[in-house]
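Peer 1: Chains as they are written, first to last, in our numbering: chain A, 1 to 196; chain B, 1001 to 1174.
Keep in mind the hints are simulated off the structure, nothing from the lab. Wrong hints could be hidden among the right ones.
Covered stretches of chain A, going by a simulated chain B footprint (3 or more residues, C-beta under 8 Å) [unchecked claim]:
no. : segment
1   : 50-60
2   : 84-94
3   : 170-181
4   : 185-195
Bear in mind that the values here come from a model prediction, so they are computed numbers and not experimental data. For each residue, glycine too, the CB sits at the ideal point set by N, CA and C.
Given next are the chains, with one letter for each unit.
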Amino acid sequence: MKTALNRRKVVEFLLGDRKGLLVVAGLGSTAWDVTAAGDSPLNFPMWGAMGNAAMFGLGLALAQPKRRVLVLTGDGEMLMGMGSLATIGVQKPRNLVVVVIDNERYGETGMQRTHTAAGVDLSGVAKACGFRAARQVRNRSQLSSLRTAVHAAPGPFFAQVKVIAEKIPLVLPPRDGGLLKARFRKALLGEGADLD
Amino acid sequence: MKDWPEAIYKTLKGAGVRQVGYVPDAGHKRLIELCIADREMRAVVLSTEEEGIGLTAGAWLGGVRGALLMQSSGVGNCINHLGTVRECRFPLLMLITMRGQKGEFNPWQVPMGQATPAVLEAMGVVVHEANSAEEIAPTVDAAARLAFGSYQAVAVLISQAVIGIKSFQDQASR
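Please build the complete structure, drawing on both the sequences and the hints.
Peer 2: Take a look at the structure:
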């Protein structure tokens, strides 16, 4: 795999000046990446439910059609929920973006190779599933255009970003699932979120 | 009471449900059609049942109530994701048509069907059983109140006796 991209720098660049962007982060390294870029109540970092991050994003995007929703997840997590790309392709939400940070490894379990290391092309799968656009990114020169697409391209939009396989420091979000849910709803829906 | 699916549909409407995830199922066929035809509802066809757990949890993060329709065989697919529902206290309303019960004609349906209540309860899901057509809608209504009012995961098990599919030929003709 040829890439010089550092995952933390990519995620920080994509989330910089994020405005009202709603972010769902798949378990493991992408949850740490999103947190390293700045913890926010409008992040929903997952600690479990492997394979379901994109579906959290779909439910949220359909519920909030006027808000932009970004799912940031890893290649291992996305491989486990590949059927959800087909489900998203059927619904075609214009406000949903899925970005896979692809280091071709299971980072939390000892850096074992994933299917993408053997050439499985997740952006090709997304395209075939009916995403409006899907691309692979592996150069710094492609990041500016990727950022524009993440924030403004008609969805569903998909990107597979090839990054260096490296162990980097943990930056952990809160672990309490009830807290993560409640703070997200309060920030998005207001103080009255649970008064109806 | 023949049109219990319509009674469920009206109950879901009354409960404010606006997203319905489903895996196609003969027992839920009519209810699915009613949800698809409703312009205020978003019916989302899933490739596997556990996707629906993420869908409805995401909807709740966005302030929208959801429900999941599936057959008992799909419950096993959801198990790990029910752990996330419990940890985060997401409300969850599952309407499950039962197989593997009275008069089952497919032996491969029996193990999961028989284990369904125990599996759900092991993962912290409250189980309501509806054994006659008349009790389905009131049971769904109570389940919706428990789910959305008290932030619980609740499953309504609709008995195979109500659905009444007797053979592969019968199933295919519906």
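Peer 1: A separate judgement is required for each hint: does it hold in the structure or not?
Peer 2: Each hint tested on the structure:
Given as covered by chain B, the segment 50-60 of chain A passes the check, having 11 residues with a CB less than 8 Å from a CB of that chain where 3 are the minimum. Beta-carbon proximity to chain B at under 8 Å applies to 5 residues in the segment 84-94 of chain A; the threshold of 3 is reached and the given coverage holds. Coverage of the segment 170-181 of chain A by chain B holds [criterion: at least 3 residues with CB-CB distance below 8 Å; count 4]. Check on the segment 185-195 of chain A: 4 of its residues sit with their Cβ under 8 Å from a Cβ of chain B, so the three-residue criterion for coverage holds.
When held up to the earlier numbered hints, the structure conflicts with none and fits them all.
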